[in-house]
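**Q** Those protein sequences? They're chains A and B, same order as listed. Take the first sequence: its letters are residues 1 to 113, numbered as in my numbering. Take the second sequence: its letters are residues 1 to 115, numbered as in my numbering.
Because the hints were derived from the structure by calculation, they are not lab data. Hints should not be assumed to be uniformly reliable.
[What the hints assert, rightly or not] So these bits of chain A aren't anywhere near chain B, every CB distance computed over 12 Å:
#1 V19
#2 R31
#3 P43
#4 Q80
#5 G85
#6 K101
#7 G105
#8 G107
#9 L113
[As the list claims (entries may be wrong)] Once the Cα atoms are required to be at most 30 Å apart in a straight line, the calculated DSS-like pairs of lysine-lysine come out as:
#10 B/K114 - B/K49
#11 B/K49 - A/K101
#12 A/K101 - A/K57
#13 B/K49 - A/K57
Think of the CB as a built atom: it goes at the ideal place given N, C-alpha and C, for glycine as much as any other residue.
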Amino acid sequence: DTGVSQNPRHKITKRGQNVTFRCDPISEHNRLYWYRQTLGQGPEFLTYFQNEAQLEKSRLLSDRFSAERPKGSFSTLEIQRTEQGDSAMYLCASSLELGEKLFFGSGTQLSVL
Amino acid sequence: AQSVTQLDSQVPVFEEAPVELRCNYSSSVSVYLFWYVQYPNQGLQLLLKYLSGSTLVESINGFEAEFNKSQTSFHLRKPSVHISDTAEYFCAVSPYNNAGNMLTFGGGTRLMVKP
Numbered sequence: 001d002t003g004v005s006q007n008p009r010h011k012i013t014k015r016g017q018n019v020t021f022r023c024d025p026i027s028e029h030n031r032l033y034w035y036r037q038t039l040g041q042g043p044e045f046l047t048y049f050q051n052e053a054q055l056e057k058s059r060l061l062s063d064r065f066s067a068e069r070p071k072g073s074f075s076t077l078e079i080q081r082t083e084q085g086d087s088a089m090y091l092c093a094s095s096l097e098l099g100e101k102l103f104f105g106s107g108t109q110l111s112v113l
Numbered sequence: 001a002q003s004v005t006q007l008d009s010q011v012p013v014f015e016e017a018p019v020e021l022r023c024n025y026s027s028s029v030s031v032y033l034f035w036y037v038q039y040p041n042q043g044l045q046l047l048l049k050y051l052s053g054s055t056l057v058e059s060i061n062g063f064e065a066e067f068n069k070s071q072t073s074f075h076l077r078k079p080s081v082h083i084s085d086t087a088e089y090f091c092a093v094s095p096y097n098n099a100g101n102m103l104t105f106g107g108g109t110r111l112m113v114k115p
């Protein structure tokens with residue numbers, strides 16, 4: 001068990017470009033979550049999956065944000081037409097079952113220039 | 001909807017001194033309560049949680065937190081801190097109906113333990 005893995009660790013992009021982040025949860029965990037953390041703030045919930053089903057996505061920040069978990073294993077978070085306000089740390093977490101503790105990855109730091 | 005307020009953004013304290021990190025929440029429904037810790041260059045880790053039962057919960061490294069429903073608080077305390085406790089601490093809540101999945105976090109408190 002290597003924990004929750006996120007790639008890349010850092011991403012620098014120009015405004016208007018699309019970016020995609022990957023999250024590999026702990027292998028037997030069927031629940032996967034995305035959070036966003038801006039400087040000086042706590043993490044903000046974005047979306048979560050149970051297996052391949054996206055059960056909550058109303059908290060995604062705009063229609064430029066989308067997430068997938070096609071086979072119920074890894075997940076991707078895509079941001080289209082990035083804006084400077086998208087600069088943040090994007091965190092992924094996983095858990096085994098409802099009510100079990102979340103295991104967080106180290107995050108992907110996005111900088112939009 | 002829920003909200004969490006951590007009243008202190010930074011708490012400096014000397015080693016072996018006691019510390020209390022304050023957390024207040026607001027919610028129209030019953031909630032579960034959590035403290036997460038983020039050590040430098042590491043991911044968030046669960047420190048302790050309150051789901052039901054005894055209002056005083058403890059972690060394995062000497063921290064404890066007490067749920068006070070009337071004051072809507074869940075303050076974190078440790079009687080004697082170590083240098084290794086230097087980290088950012090986040091209080092979080094989730095409604096009963098999703099049992100910890102959709103967490104609402106406070107802004108965090110940076111605990112700085114000085115020798």
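**Q** Would you check the hint for B/K49 and A/K101, treating anything up to 30 Å between C-alpha atoms as holding?
**A** Roughly 9 Å between the alpha carbons, so the hint for B/K49 and A/K101 holds.
**Q** Measure nothing beyond the straight line between the CA atoms of B/K114 and B/K49; if it is 30 Å or shorter, mark the hint as holding.
**A** Holds: B/K114 and B/K49 sit about 27 Å apart, inside 30 Å.
**Q** Does A/G105 sit more than 12 Å from chain B, CB to CB?
**A** violated, 6 Å
**Q** Confirm or reject the statement that A/G107 sits farther than 12 Å, beta carbon to beta carbon, from all of chain B.
**A** Given a closest Cβ separation of 7 Å, the condition is violated.
**Q** May I ask you to check that A/K101 keeps its beta-carbon over 12 Å from the closest beta-carbon of chain B?
**A** At roughly 4 Å from the nearest Cβ of chain B, A/K101 sits no farther out than 12 Å, so the non-interface label is violated.
**Q** Is the claim that A/G85 lies outside the interface with chain B correct, judged by CB distances over 12 Å?
**A** Since the minimum Cβ distance to chain B is about 18 Å, A/G85 lies beyond 12 Å and the statement holds.
**Q** Does the no-contact call for A/Q80 survive, Cβ to all of chain B over 12 Å?
**A** Per Cβ check, A/Q80 is outside 12 Å of chain B; nearest 24 Å; holds.
**Q** Please confirm whether A/V19 is truly not at the interface, meaning its C-beta sits more than 12 Å away from all C-beta atoms of chain B.
**A** Per Cβ check, A/V19 is outside 12 Å of chain B; nearest 20 Å; holds.
**Q** Against chain B, does A/R31 keep a CB gap of more than 12 Å to every residue?
**A** violated, 7 Å
**Q** Against chain B, does A/P43 keep a CB gap of more than 12 Å to every residue?
**A** violated, 5 Å
**Q** Tell me if the straight-line CA distance from B/K49 to A/K57 falls inside 30 Å.
**A** holds, 25 Å
**Q** Take the C-alpha atoms of A/K101 and A/K57, compute the straight-line distance between them, and say whether it is at most 30 Å.
**A** The given pair, whose Cα atoms are some 21 Å apart, holds under the 30 Å limit.
Figure legend: structure checked against the earlier numbered hints; hints not met, in rising order: 2, 3, 6, 7, 8.
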